[in-house]
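**Student:** Single-letter residue listing:
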Amino acid sequence: MRRGLFPILLLTLLVILLWSPIRSVSAQGGTPTDDEVNRIARQLYCPVCENTPLDVCPTEACRQWRELIRQMLAEGKSEAEIKQYFVEHYGARVLSEPPRQGFNWIVYLAPPLLILSGVILLFRTLRGWVRPSDVDEEEIQELSDDPLVRKLEEDLRKRGS
Amino acid sequence: MLPEFGFGTLFLAFLVAVYSVLAALIGERRRRPDLVESARRAQLLTWPLITLSAGTLVWLLVNNRFDVSFVYEVTSRSMPTYLKITAWWGGQAGSLVFWAWLMSAFASLVTLRKWDRDAEFLPWVILVTSITLAFFLGLVIFAENPFNRYWQTMSGDVVERMFRPAGSLPFFPQDGRGLNPLLRHPGMIVHPPLLYLGFVSFVIPYAFAMATLITGRTDDRWIHITRRWTLWAWLFLSLGLVFGGRWAYDVLGWGGYWGWDPVEIAAFMPWLTGTAFLHSVMIQEKRGMLKQWNMILIILTYDLVIFGTFLTRSGVLSSVHAFAQSAIGPAFFGFIGLTFVLSVALLLSRWTALRAEAEMKSMLSREALFLLNNLLFLSILIVCFWGVIFPLISELVTGQKVTVGPPFYERATAPLFAGMMALMAIAPLSAWGKSTWKTLGRAMWKPSVVALLVPIALWIGKMRNWAALIGFFLVALVTLVTLYEIWRAARARQKAQKETFPVALMRLFGRNRRRYGGYLVHISMMLMAIGILGIEIFQTETQGTIRLGQSLSLAGYEVRYDDIARFPAPDGREVTRAVVSVYRDDKYLGELHPRIDFYFDTQQTMTIPGQRSTLADDLYVLLVDWQPVSAEQATFKIYHNPLVNWLWLGALVFIAAILIAAWPQPEAEMVPVVVTSSGSRRARVGASD
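Those sequence lines, one after another, are chains R and D. Residue 1 is where the first sequence starts when you use this note's numbering, and the numbers rise one by one after that. Residue 1001 is where the second sequence starts when you use this note's numbering, and the numbers rise one by one after that.
If you're looking for bench data, these hints aren't it; they were derived computationally from the structure. Possibly wrong hints are sitting among the right ones.
Claimed, not checked - Just so you have them, the derived chain D footprint on chain R, three or more residues with Cβ under 8 Å: (1) 30-36; (2) 66-75; (3) 82-96; (4) 100-107; (5) 111-122.
For clarity, every value in this text was computed on a predicted model and none was experimentally measured. Beta carbons: idealized from backbone N, C-alpha and C, even for Gly.
Given the sequences, and given the hints that come with them, work out the whole structure.
**Tutor:** Rendered as structure tokens:
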């Protein structure tokens, strides 16, 4: 058994070695299309003209960056690797959202927490207000000057009772 | 001489505004109606003064007075006259004059009204509007003077000063730098003025709210007085946003109308609080509740308006809109902080007096649902506000610059918008005072079943995007419920008044403009929602470099590259214009002309799309690249934007709806109400009808 293990390992290694160049050759086959480039450029922001996505930025610099993406794609780099390259060279601002780490978590956590506290506040206030009693018909009747609208509103309240 | 005249009148206007603040304050404190009247007249004087100054500025712009620095920066000889006029608000200093001019016009209009019943408000309304006006005029005079001129000193340096430095000579540049090409578009005539009109007119309800707090009146008189102001403000602001979107769609060449850019959001934030305010004032009028809340909303709206101008004008945020950067940031910041703290302090001092007069009877009543609507608007505001300021906080705290872009906003606001649509469907069917699950369920089930047919049909048509299915279901539900409510009312009127249906419908709108105008606004929002869902979820794009005679295909369309030409245009552009033919299923649909404009004066390029628009979709073709050396090849980018036209269609319906809602109501109709023996009320034809 032990003697059989070595050839198997060797064979596996050989397959991997043989297969990997095939893979990158196939990735290099043909220049990446504009659409493939834009798919990644769209997720990146122009490092010089702020708040402009890289795929639509008309400047010469951005054109070169798009070419860089094309080149990296041709080299078989993955989307994540290309993004990582841009972050390393130009900072986190090239990403369309702050990376989910450290201090940046605040941007994701603050709105839901604030909204949630708003909901709780609203319901607590409402519960304090709500006095389940019979609606004062007179009071509701005074809501509109138009008798027609008054009648429509009354219908809404009566529906189902 | 002219620049000095412009500056002089502006300075005079500033002094007059400051005087009107002091006179109103002293007149009120010392019970001197003559002083208050003097303050009112002083305020009325500011508008002609600023008009003279602004007129001078426009004259300088139109007549190529490049010795004036503002004129040099925003115009050039080659620009057509209409763009030279709009350049007034195309640069920082001029746009602040424009703000002040509109502010003064609105303040004058409001002080010209009859005050007999509300004389106690007058000094305070003057105070608030004049302080705001004086602040903007002060900014112009002390920090951003559009009348500064260029002077050449003895040493040969060119300096920018209002008055001639000793020993210097006037300096006349041959030509100006020209307006940013992005702003050279007919959209520039309407977009900024509408936005500013919206901004400025929200100052009026705020002024009345403050007057209410200061005088201690706890009734809702201020809401009645400012109801129409608020509606107009809302119309202007909404239109400013829509026109801005249309301008971006036509000019920016990214295939969309809204990019969640910080400056777009800056204009959107007061819209959110303003819309919440429009809804919640109804609760105060009808039920005497939410008085404190309405105050909070109008204070927020006012300060968000100033904050919006601050973001646009101070350059604190770097974005496509921040053309001008200057040192006016701290002044804005201080003003926003001060007005906010003072307003909130005032509100707190009257907190108990503004208690609700009525009680909330049920969690499902219409007033409770209105509160929920307010919560949603405020939630969207929180997301927007936080997204806009987080990059600043991050830079301050960690030194790291980050971008908060569309994915953040879209993910966070989409469920909130969906919730809002659900409320639009439910609220019109809920009753004031009290609703139960049973009454609501009975009212809701039929339209819900019918509306479900829409997503089912779409599912059968192979649509598998759940967000779109939910979205279109909600659109159908809101539209059905709203149309049904209108139909039900018109039918009731038709029966009661023995009118034909169209007459009943017309009179229904005529007699209840606000209610049914409001319903129509909801329908217009749904039309816009169709467009937004279409482009946001189903937009596709492709890009490719092709030779003459070759085509690119996208979403069933073929776009063939036929011709290209480069030629100079008389307004200082070099135009590269391509001709492409559009085919669908081998059927020729027409020609499009995407082009690249190169502006010599600013050395900037613009990519103008060729568009084919139908109610089903837009084909949006951009010429991305063309090199004369390889003339046969050109790069095109094509967007397929389904349903986007519904957005603009909705905007048109929206304008009509607001006009209905805000048009002055005729005198109340005389309708005797006959109470029958069974106790149910029946309306009878009135004498005046």
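**Student:** Give a verdict on every hint.
**Tutor:** Hint check:
Only when three residues or more bring their CB closer than 8 Å to a CB of chain D does the claim for the segment 30-36 of chain R stand; here the count is 3, and the claim holds. For the segment 66-75 of chain R, the proposed coverage by chain D is not satisfied: 0 residues have a C-beta within less than 8 Å of a C-beta in that chain, short of the threshold of three. As drawn, the segment 82-96 of chain R meets chain D at 6 residues by the rule of a beta-carbon pair under 8 Å; at three or more, the given contact holds. Interface restraint, the segment 100-107 of chain R with chain D: holds (5 residues with C-beta to C-beta distance below 8 Å; minimum three).
Residues of the segment 111-122 of chain R lying with their CB closer than 8 Å to a CB of chain D number 6, which satisfies the three-residue condition for coverage.
Checked against the numbered hints listed earlier, the structure breaks hint 2 alone; every other hint is satisfied.
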